[in-house]
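Chemist: Now for the letters of each chain:
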Amino acid sequence: MALTSQDIARVAHLARLALRPDETEHTLGQLNGFFRLVEQMDAVNTDGVEPLAHPAAVLGQVALRLREDIASEPNQREASQVSAPAVENGLFLVPKVIE
Amino acid sequence: MSTLHDLSVAELAAKLAAKDVSSVELAQHFLTRIQSQDTLGAFLATDAEQSLAQARAADSRIATGERAPLLGVPLAHKDVFVTRDFPTTAGSKMLANYRSPFDATVVSRLGSGGAGMVSLGKLNCDEFAMGSGNDNSAYKPVQNPWDISRVPGGSSGGSAAAVAARLVPAATGTDTGGSIRQPASLSGITGIKPTYGRCSRYGMVAFASSLDQAGPMARSALDCALLLSAMAGPDLDRDSTSLDMPAFDYAAELIAANSQAAGSQPLQGLRIGLPTQFFGAGCAPDVLAAVRGALAELEKLGATLVEVSLPLTELSIPVYYVIAPAEASSNLSRYDGVRYGHRAAEYTDLEDMYKKSRTEGFGDEVTRRIMIGTYVLSHGYYDAYYLKAQKIRRLIAEDFQKAFSQCDIIAGPVSPTVAWKIGERSDDPVASYLADIYTLSSSLAGLPGMSVPAGFGAHGMPVGLQLIGNYFKEAQLLSTAHRFQMTTDWHQRKPGAAA
Chain A
0 MALTSQDIAR
10 VAHLARLALR
20 PDETEHTLGQ
30 LNGFFRLVEQ
40 MDAVNTDGVE
50 PLAHPAAVLG
60 QVALRLREDI
70 ASEPNQREAS
80 QVSAPAVENG
90 LFLVPKVIE
Chain B
0 MSTLHDLSVA
10 ELAAKLAAKD
20 VSSVELAQHF
30 LTRIQSQDTL
40 GAFLATDAEQ
50 SLAQARAADS
60 RIATGERAPL
70 LGVPLAHKDV
80 FVTRDFPTTA
90 GSKMLANYRS
100 PFDATVVSRL
110 GSGGAGMVSL
120 GKLNCDEFAM
130 GSGNDNSAYK
140 PVQNPWDISR
150 VPGGSSGGSA
160 AAVAARLVPA
170 ATGTDTGGSI
180 RQPASLSGIT
190 GIKPTYGRCS
200 RYGMVAFASS
210 LDQAGPMARS
220 ALDCALLLSA
230 MAGPDLDRDS
240 TSLDMPAFDY
250 AAELIAANSQ
260 AAGSQPLQGL
270 RIGLPTQFFG
280 AGCAPDVLAA
290 VRGALAELEK
300 LGATLVEVSL
310 PLTELSIPVY
320 YVIAPAEASS
330 NLSRYDGVRY
340 GHRAAEYTDL
350 EDMYKKSRTE
360 GFGDEVTRRI
370 MIGTYVLSHG
380 YYDAYYLKAQ
390 KIRRLIAEDF
400 QKAFSQCDII
410 AGPVSPTVAW
420 KIGERSDDPV
430 ASYLADIYTL
440 SSSLAGLPGM
450 SVPAGFGAHG
460 MPVGLQLIGN
470 YFKEAQLLST
480 AHRFQMTTDW
490 HQRKPGAAA
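Just so you know, the sequences run in chain order A and B. Each residue of the first sequence is one higher than the last, beginning at 0 in numbering that gives the first Met the number 0. Each residue of the second sequence is one higher than the last, beginning at 0 in numbering that gives the first Met the number 0.
Derived by calculation from the structure, the hints in this document are not laboratory data. Glycine residues also receive a C-beta, built at the ideal position from the N, C-alpha and C atoms. Careful: at least some of the hints might be erroneous.
Partial pick of chain A residues on the chain B-facing surface, computed with a CB cut under 8 angstroms [to be verified]:
1) Gln-5
2) Ala-8
3) Leu-16
4) Thr-26
5) Gly-28
6) Phe-33
7) Gln-39
8) Met-40
9) Glu-49
10) Leu-51
11) Ala-52
12) Gln-60
13) Arg-66
14) Ile-69
15) Phe-91
16) Val-96
From chain A, some residues computed to sit far from chain B (all C-beta separations above 10 angstroms) [to be verified]:
17) Asp-21
18) Glu-24
19) Ser-79
Derived DEER-like restraints, expressed as beta-carbon distance ranges [claimed, not checked]:
20) A/Gly-59 x B/Ala-383: 27 to 35 angstroms
21) A/Pro-73 x B/Thr-38: 55 to 63 angstroms
22) B/Thr-2 x A/Pro-20: 54 to 62 angstroms
23) B/Ser-404 x A/Val-61: 54 to 62 angstroms
24) A/Gly-47 x B/Tyr-381: 15 to 23 angstroms
25) B/Ala-430 x A/His-53: 36 to 44 angstroms
26) A/Leu-13 x B/Thr-31: 30 to 38 angstroms
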């Protein structure tokens, strides 16, 4: 099943990307080429097979670890905001969302 | 001083301990070399002041009598490890001005607070580690020191080129689908990707979290073993997938082997499995010839070669290129132009800011993978693509366990060809994905794997032998590679650019 330009536009919006019209066509061609490769997966019978999310789960159950719910990091607000595009009084600035 | 850069990590450490050279002198020597070979494109950032401060700290530790196997030896980090002392870009314009407030666990374990290695800077790589030729770096391509018109491999291409050209004795790399093994193979050095979870992912810029794994790249298996001993080990509070297995001295057995009698058959009893699917028509004859030559050498050392089968090898390509982009699209959603990273200069509202910032900040391959990942995770396609891929992933991992019932180690080529010309595969992503065929399946299974220099193929370019071990068998891989390197000198060959 081939993708359409509408699919590309929808996916680009979901990914918060703004493709130019000429890029949309190029991307469409490349993704359709890619999904022809992905169609090979249909030939594999996976009835009753559990999805594998963590590689080590092949060896047995992997329990997700929890740590104590205590703060382990010192306050590094300034160091953390050094790379921020726009800050004021220790706050991240974004365009107004609610009028 | 002219030959310092030809010495191994182990030899440099011995010179430092004997006070034949200081860590500051070593840092200066290598920094001069890095500067003189800037056109290779291996480095994205250096900072002599920071490196020399680290070297002085190492020299003080040595002066107090401290002896540690890596203390004072220089290295450099792939630019996907966050570092306090250097910028971190992950090869992306998105992070052009990023400074991390903390060091990655691997960086701190190897550095001043741990093993005492001295960082000489940050190494070029494909953007967010997505690529196989390092030509997806947003900054500059990296040249292969064996032929500067060719790629060094990727995504850890800067690491591989820097080690091959003797700009650093060792480097860190990361491997998601082959990004340590493939550049090691194409640039003629040694590299190991440990079992998934062996090295902490804390502070590694995330690409595909169920696959990403850090590992060392150096000229020999022994040097890799020395670095891995410091890098690996549990980091339970900071990486939820870190294995709860104690750190291990991977080098001890290798060093002991050095004093054993030559001419014996140290690999007696070792069964090496050759997957039929790794030796088919898809692999170039020059690569196969070098790999077969290396296998014959391993046989001479006592190993037995047995045929095994990994029937889903070809399927590992679509499975990987569904799972990795899916995880990437999720991980890279953090780049929104708010807390860090590129923000567009002009926008109308918040959504417009997100879209413009992300579109400007990401390069073509990263954009393509985010698109693929978003699509396969979107409503109506999740089961058909993402879940289906995860199910085949389990079958691939189970096939490895069947193969390991017949052998101890699996061997084959790393890459179907030697290094190609820079730019040759830039606009054909599918062709580029297909070339990852021999590294993807073990990545999906989370198994340890390495590349060991095995000779040369077409155009005099290096060929690597891939060794894949069962879970947690890094020591066996390193030991096998070391025995091979005790009787071969492929890993000591020097490219013209390293003269």
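Chemist: Honestly, which of those hints from before does the structure not fit?
Modeler: Hints 1, 2, 5, 12, 14, 19, 21, 23, 25, 26 not satisfied by this model.
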